[in-house]
Amino acid sequence: MSAFLQRHRGLLILAACIVLLPLAVQNDYHYDVLINAGLNAIVVVGLNLLIGYAGQISLGHAAFFGLGAYASAILTTTYGWHSLAAMGAGMAGVGVLAYVVARPILRLKGHYLAMATLGIGIIISIVLNTEAHITGGPDGMSAAPFSVFGYTFQSEKSWYWLVGGCLLAAVWLSSNLIDSPIGRALRALHGAEVGARVVGIDTTHYKVLIFVISAIFASFAGSLFAHHTPTVTPSILGFIKSVEFVVMAVFGGMASVMGSVVGAVIMTLLPNLLASIEDYEPIILGAIMMGTMIFMPKGLVPTIAKMLRRKEAP
Amino acid sequence: MLESTIQFILAGLTSGAIYALVGLGFTIIYNASHVINFAQGEFIVIGGMSTVALVAAGLPLPVAIVLATLVTMVVGLALARFAIQPAKDADVVALIIITIGASIFLRGIVQVVFGKDIHSLPHFSGETPLNLMGATLMPQSLWVMGISAALILVMAWFFNATLAGKAMLATAYNALAARLMGVDTKWVLLSAFALSALLGAVGGIVVTPITFVSYESGIMLGLKGFSAAVLGGLGNGIGAVAGGLILGVVEAMSAGYISSAYKDAIAFIIILVVLVARPNGLFGKKGIDRV
Amino acid sequence: MSLLKVTNLTKSFGGVSAIRDLSFTIEAGTIHSIIGPNGAGKTTLFNLITGVYTPSSGSVRFDDREIGGVEPHKLAALGMNRTFQNLQIFHNMSAVENVMVGAHLHVQKGLAHSLLRLPSLVRSEVETRKHCWELMDFVGLGQYRDAEASAMSYGALKRLEIARALAAKPKLLLLDEPAAGLNDTETREVDEVIKRIAGQGVTVVLVEHDMKMVMGISDHILVLDYGAKLAEGTPAEIRSNPDVIAAYLGNVG
Ligand SMILES: Nc1ncnc2c1ncn2[C@@H]1O[C@H](COP(=O)(O)OP(=O)(O)OP(=O)(O)O)[C@@H](O)[C@H]1O
Ligand SMILES: [Mg+2]
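Residue numbers (the numbering used here), protein chains in the order written: chain A, 1 to 314; chain B, 1001 to 1291; chain C, 2001 to 2253.
It should be emphasised that the hints constitute simulated quantities derived from the structure, not laboratory data.
Be careful, since some hints might not be right.
Derived lysine-lysine pairs resembling DSS-like cross-links, with alpha carbons at most 25 Å apart [unchecked claim]: (1) Lys1088(B) - Lys298(A); (2) Lys2074(C) - Lys109(A); (3) Lys109(A) - Lys1088(B); (4) Lys1285(B) - Lys109(A); (5) Lys2109(C) - Lys2005(C); (6) Lys109(A) - Lys298(A); (7) Lys1285(B) - Lys306(A).
Which chain A residues stay away from chain C? Per the calculated CB distances, all over 12 Å, these [said to hold, decoys possible]: (8) Thr203; (9) Leu209; (10) Ile288.
Model, not experiment: these values are computed from the prediction.
Backbone N, C-alpha and C fix where the C-beta goes; we use that ideal spot for every residue, glycine too.
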């Protein structure tokens, strides 16, 4: 039991926060912000497996989020599918797509990979924008309500618990993965790619695997988002959204699962806190991005963890 | 048929010239520091916007152009000095985030200072279209292509024939060796940002009469310039220029013959295909990991 | 049948040939050293054998299978492993995790097992960690059981790479200058470790500049100069070979 506590300290703290937060929540708007923070966190936890652990950049992950969202919106309305079936189809489709594009592009390195992922994101977003007869184009479209085993999620409160639970599951799965032979292979190919290959790791295979897994995380969160938001519009899958996801991961802490959650929550809350000075929001966001990378390149959570460890040590 | 093809090529070369300038800006900074400056597109916007504002304030166009270019160069220098130099040893991902952060920051400033409206400038020498083998061409397009070509030639001369330019190239090739030879690499970084700000600003100013400018127009232009540089092979100046022109023409052709909604998508598909076939761009050298 | 057979191997970079028309064989169960001045092409030869580089021409056969251009991880699965002159340590991991990466070929690594941390995976992980600690003891890194790789000295990291390679259970182990940068005590320890590895039946190929070590430990020596074979034979033969004395040993003293 104590081993479990040790291993999952972060998970337990997160669970406690999720349980206690409603005490401070006063209205549906607050719930709405927290739900979006949680959905972003699921994407970023997955994305951080790719960027932080495996060291491969993606500037196109919003496209997978968006494809998941549109899959749910289109399949549950136009085709009348059950919400879980639509979500599963979205995840499977995104998984296949990610696999097909990952094999050729993950051979690329650094800026070339950034360019390729960015291009894929933009292509997908243009397609969804243009095929208006399917997607509603720039006006967007709505999904049917989300229901599981006959229970339909309507209230913000029920959504809060749903997303909170899903986030905990995402964090648990990711932590497990990192601390497994697969996770070691990912960290190894980040640390010294040639060294990893020579001791027997098929680095291409693992890069593709983690790209697909992180895309599926994004698709999952996108599906939930589609059911929760009034309308799904192409703005959720543009280049800027992709950048926001990366920023959340980097700000919270690369190669840190809890960092992903903290980064996603803070960066989702920030625009709401800054709402009164809306015009200055990009300036502040940009300054935070530059400042974080210059003054704490490891990100918030690892930097704080290191400070605490130093204090603990005699 | 032939006329329309010529028409598309001319349109493509006009936007391609701008992509080439932005791509060249990426290349110069990349060579000096191995940084991809995602804020490159903002130089275009700052150049265009400041000119618009200065002209509106009553300055004659040529004066406004010079001042706006200087303003943009100062911004470039500040960016290098306060955002890039302090993070010199950060890894690729961190530097990407910094320059994307810088672009959002600058976009925010432009929006606060100049507002969200779309602005334009008068055409430099009228709006009477010229006729070229049945195709029409705005005189401003000639300005865009001519000024771009001139700038590109000046850059080629600077890097191949002047001591300062050669020092910058040497740094790109081997920073340590260059430092040992007495090149001040800090100075190289600052000059690189100033130069590519200059390219961006001038490009932005000449193209504003055709494409207009708003605080947001830097995003897509920056990405296109980056694409041009990658397409040609990062670090290769001639490659970036060729990449920009190819990109511009391909886009104009796809817009004309296939679908204007999909022109950007087609441009990116071609870049992906090129990268998959040639992971270091059209003119990039193949590298192998040395262990 | 020899374990490794290199025939007419050539590798050029642009115009420069780092390895030219090289042929030799390595018998199973021996310690085989490759020596030569700086830039002779020793590391390049290792890179060709282990699949990091693709040969320009010629053939490399391992266990009677053509392996020129085969990817490194596939060669590792066939029983080949190596260390690096310029360390390829995973600095973002702990010491024992570095070694556990070496064991990757032999552990439970199913995706579902990993995501859900199923009991069979937990069992495999516990065993692997224990085995890797033993390997660390074996190479003399017992005191670094809980260390982070980034906190270890250069000499310790050199041995950590040996432990990592051993974790893959290789038949053929290539060591690229394992004693470079080590002090005398450490060099003697590494010397001991290599002998013990060979004693377990692993074929060792050693690139090393420390002549005392090479002469004392090797069954067979290959001398490279400018990418080509200068001489080949037992330590005694090499020591008395006039070409070698002129080109190489003479300078070293
Ligand atoms: N990836 C590469 N690209 C270009 N040249 C290379 C490459 N790798 C090696 N070389 C060249 O091949 C030659 C042999 O180098 P190598 O590293 O194999 O020598 P070595 O015998 O291991 O030397 P040392 O004793 O210094 O380790 C050198 O001239 C080197 O510069
Ligand atoms: Mg060597």
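The hints, checked one at a time:
no. : hint                    : result
1   : Lys1088(B) - Lys298(A)  : holds (15 Å)
2   : Lys2074(C) - Lys109(A)  : holds (22 Å)
3   : Lys109(A) - Lys1088(B)  : holds (20 Å)
4   : Lys1285(B) - Lys109(A)  : holds (14 Å)
5   : Lys2109(C) - Lys2005(C) : violated (33 Å)
6   : Lys109(A) - Lys298(A)   : holds (21 Å)
7   : Lys1285(B) - Lys306(A)  : violated (41 Å)
8   : Thr203                  : violated (7 Å)
9   : Leu209                  : violated (7 Å)
10  : Ile288                  : holds (25 Å)
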